[in-house]
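Q: Here is how the chains run, residue by residue.
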Amino acid sequence: MAKYILQRIVKGILSAICVVVLIMILVYSLMDRGNIFGGDSNYTKTQSNARVTYEQSRYQAFGYVDYVNYSDYITRQVKSGELDEEDRAAAAFIGQTPEKDSETAAEYIKKFTEEYESQGYTVVRLDADKKTNGRVKDGGQAAIFATRDKPMASRVISYFTGMFFIDNIHFVDEDTDIGERGLTFTLHDPLYGGEKFSPAIIGNGTKHKYLVYFDKKFPYFHQNLLTLNLGESYTVNRGVDVFETMTASQGTYVLSSVSYPTGHVEQSADDLHTATYAEGSLELSEMYAARFTDDYTNTITTKGSLSKLGYSFVIGIISTIIAYVLGLPIGILMARFKDGILDKIGTIYIVFIIAVPSLAYIFLFKAIGGSVFKLPTLFDMDSSSKLMFVLPIVSLALPSIANLMKWMRRYMIDQMNSDYVKFARSGGLSETEIFTKHIWKNAAVPLVHGIPASILFAMTGAIITERVYAVPGAGNLLTQAINKYDNGVIVGVALFYAILTVVSIILGDILMASVDPRISFTSKGR
Amino acid sequence: MYEELKSKTGLKTEELFAQVTHSDAESEKIAAPRYSYWKSVFRVFFRNKVNIVILSLLMFVIVFSYIYPALTDYDPYANLLDVAGKHLSPGDAMEHFGVGLKWILGSGASGEPTFDAVWNGAKISISLAFMCAAINMTIGVLLGAVWGFSKKVDIIMTEVYNIIGNVPMILIISVLSMLFSPTFWTMVFALTIVGWLSIAYFIRTQVVIIRDREYNLASRCLGTSTIKIAVKNILPFMTSVIVTLLATELPSYISYEVFLAYIGMGMSDMSLGRLIYAAEAAMVTPGWELEFWGPVAVVSIITIVLYVVGQNLGDASDPRTHM
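Chain order of the listed sequences is A and B.
Adding 4 to a residue's 1-based position in the first sequence gives its number in our numbering.
Adding 6 to a residue's 1-based position in the second sequence gives its number in our numbering.
The set of hints was computed from the structure by calculation and includes no laboratory data.
Incorrect hints may have been included.
[Unchecked claim] DSS-like mimics (lysine-lysine), calculated; alpha carbons at most 27 Å apart, straight line:
#  : chain 1 : residue 1 : chain 2 : residue 2
1  : B       : K238      : A       : K348
2  : A       : K445      : A       : K426
3  : A       : K114      : A       : K220
4  : A       : K348      : A       : K445
5  : A       : K342      : A       : K410
6  : A       : K141      : A       : K154
7  : A       : K154      : A       : K134
8  : A       : K342      : B       : K157
9  : B       : K55       : B       : K158
10 : A       : K115      : A       : K104
11 : A       : K15       : B       : K55
12 : A       : K15       : B       : K238
13 : A       : K410      : B       : K158
14 : A       : K200      : A       : K49
15 : A       : K348      : A       : K307
16 : A       : K200      : A       : K221
17 : A       : K211      : A       : K307
18 : A       : K104      : A       : K114
19 : B       : K157      : A       : K7
20 : A       : K7        : B       : K158
21 : A       : K390      : A       : K410
Same shape as in the complex, but just chain A (with noise of 0.2 Å):
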């Protein structure tokens, strides 16, 4: 059974692979990419070569091309010791023409090009672009960059390779002092005020000042030591990774009296665990300067409401769960009493529900709980009623009744004609009987296997449900990311999505094998 499973688990994971493969060729070989300058009011305000070097830097930002601007290149020169101060200026300042270039720009110019050319890029110069009266127009300076296609293969590499972050002392650039690198274990948490029992890993050079730490929230234990990057958004939500864009919380800031490292004390909502590492963000903030001793400044900040996913979880475990409780017991009814009276109002309520168009539906449920029963259409992250969860529930709730009850009662049915229920009536079993210790048995053994599937796919999210009641929650995250062409965050929810419907089937399996003793994975040819 275990090598089964694991078995199950590779191939799971090489299909997540060619998932995610699929879908980068699709998001970043056939859409067209000038697509991302729809909506963007910079792109139309730039003209002439400034807006050549614009379109180049959003590409590289949206994941396409690599790109290196020339100024850049020189930037870094000086900073690796290369170039001298004194003739930076000589250096960066590109002439308007090639003949132009002062000795000094030709000769880094001609250095840029050949390293970059034989890195496979192409290096593009762009001469200034002139006014009929001789002056060089609103961004039309000469601009030097070389730029590369990112290959298909590299991508997926560094994509799978990027995607598990193990936190480590040489995360800080190496050449940065940052006094005496390393963990130190505490039993003693300073945020506490260093006398509360609560133990904690403090990093310095690590991208997390605390790697593994107690708070009050659930769990409770955190840890950040391991980190998943199912890849970065750029346009839903700028710079920070899907999983983070689905997990955290949402509404309005929580304050709290928090005391800051030196001491400050404020009504905040800074989670002071939370700090991750800022490049030189402590010399350039004077409010960092106050409450911090060191760059790890950037903080995630505590709100009151329950994350994207959250919020998709609680209404889709709880319609989920009343699902089952109604949807099995109606099925089983159904088939009990076939043609009865039930069992006609309920086949029409699943024609119903099949045929129609869930948005059809879902508009009535929204209508006839809005008006007849006065329940809130809208949802409200700052409304503390919990009576606005109960229509997106119900909207949720009443199809999969439908598709459980069709599924039971279809499973019951076919049961009722084995040769089993035939002898069992024989030997003189009430029909109760029959039905509670023995069809029933076995008719649930097929709907067993779709439960790790509803309990997982309810974090998902209903796309028309949470649109129609404006519920925050994760539905609507894939659609958004493609409108907004987020490359980033279209491969990580499709990953994602990936690996729960492999997950929720190899469980499924299991809890079928364990449900049903006559099922086993282990014998040959199943």
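Using the hints, position chain B against chain A.
A: Same frame as chain A, but now just chain B:
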């Protein structure tokens, strides 16, 4: 019986028998009523009176969505400049534009008759559903039969299914509609490019169930090719399964189109989905509700009718109900 006949006719016992000459040709005939499959299907189908009602409703829907728009020329922007003609209730619209069938659902955002808009949309939506169903079912059923029958194909196709099945449909559709302009045919292409896969998988499962029956084994022993066994031995067995599947597929394309239009990824033609999407705001505005509920009601009627007719036809095409 015998005594009765004797007293009625007054004949002797021997005279009640008549000589029949033996005929070789006659004795070869099998004395059962002639059985025609499709005749039986329709006999069973029309035995249920509900089906007649639903079928006439289907005819009504088809007439309205194909013949009505052809007879009336509908221009959504004909009344665009008529400021007083927008968002009218049926009563007001008839007062404003004159009494007519096309105003019984009132007028829409640019003064167009909602009734005409709905049926023009229905034409597009139904055409889309039929087109997609025809393509997907043909490819899906044929490939599914081969997939289920050949074990080599099964290994490859199952992996393909596991991978492609995991790529979100919305992504494929949106990429395609960005590649080409979102027209009717782009939509058909997007819905069929991977749509056949799930149908083929369903058919594959059905085929696997009956593939190892004795008569197929016999066929194989006689050297029949796999494709011939799939098409001749297995497909006829599955007529009712296929019709039932078609009954769920047809309405599902209409529903899916509505869904896509609602999340803003629909086609550019004013299908029912686009109408619903465009009229969403009208739903909460008092007096404008018909603009929203009109298309919603029509789309629901179409899908329910298609589904019920298909399901009952599927039941009727199962030979076990032909007794």
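Q: Taking the hints in turn, state whether each one holds.
A: Evaluated hints:
1. Only pairs whose Cα atoms come within 27 Å are accepted, and K238(B) paired with K348(A) is rejected, the gap being roughly 37 Å.
2. Under the criterion of a C-alpha separation no larger than 27 Å, the hint pairing K445(A) with K426(A) is consistent with the structure, at around 16 Å.
3. Restraint check for K114(A) and K220(A): the C-alpha separation of about 59 Å exceeds 27 Å, so the hint is violated.
4. Distance restraint check for K348(A) and K445(A): the Cα-Cα separation of roughly 24 Å lies within the 27 Å cut-off, and the hinted pair is therefore satisfied.
5. Under the criterion of a C-alpha separation no larger than 27 Å, the hint pairing K342(A) with K410(A) is consistent with the structure, at around 13 Å.
6. A C-alpha spacing of about 32 Å is found between K141(A) and K154(A), which places the hinted pair above 27 Å, so the restraint is violated.
7. Between K154(A) and K134(A) the alpha-carbon distance is near 33 Å, which puts this suggested pair outside the 27 Å criterion.
8. Of the pairs offered as hints, the one joining K342(A) and K157(B) is violated, with about 39 Å between alpha carbons and a cut-off of 27 Å exceeded.
9. Restraint check for K55(B) and K158(B): not satisfied, since their Cα atoms lie roughly 47 Å apart, outside the 27 Å limit.
10. This hinted pair checks out: K115(A) and K104(A) have alpha carbons roughly 17 Å apart, not beyond 27 Å.
11. Our distance criterion of 27 Å between C-alpha atoms is broken by K15(A) and K55(B), whose separation comes to about 52 Å.
12. Only pairs whose Cα atoms come within 27 Å are accepted, and K15(A) paired with K238(B) is rejected, the gap being roughly 35 Å.
13. For the proposed pair K410(A) and K158(B), the alpha carbon gap of about 34 Å is over 27 Å, so the pair is violated.
14. Distance check on the hinted pair: K200(A) and K49(A) sit about 56 Å apart at the alpha-carbon level, beyond 27 Å; violated.
15. Simply put, K348(A) and K307(A) have alpha-carbon atoms about 49 Å apart, too far for the 27 Å limit, and the pair is violated.
16. With a CA separation close to 17 Å, the supplied pair K200(A) and K221(A) stays within the 27 Å bound.
17. Restraint check for K211(A) and K307(A): the C-alpha separation of about 23 Å stays at or below 27 Å, so the hint holds.
18. Pair hint K104(A) plus K114(A) holds up; C-alpha atoms about 14 Å apart against a cutoff of 27 Å.
19. Straight-line distance between C-alpha atoms of K157(B) and K7(A) comes to about 24 Å, which keeps the hinted pair within the 27 Å bound.
20. With a CA separation close to 24 Å, the supplied pair K7(A) and K158(B) stays within the 27 Å bound.
21. At most 27 Å may separate the alpha-carbon atoms for a hinted pair to count; K390(A) and K410(A) exceed this at roughly 31 Å.
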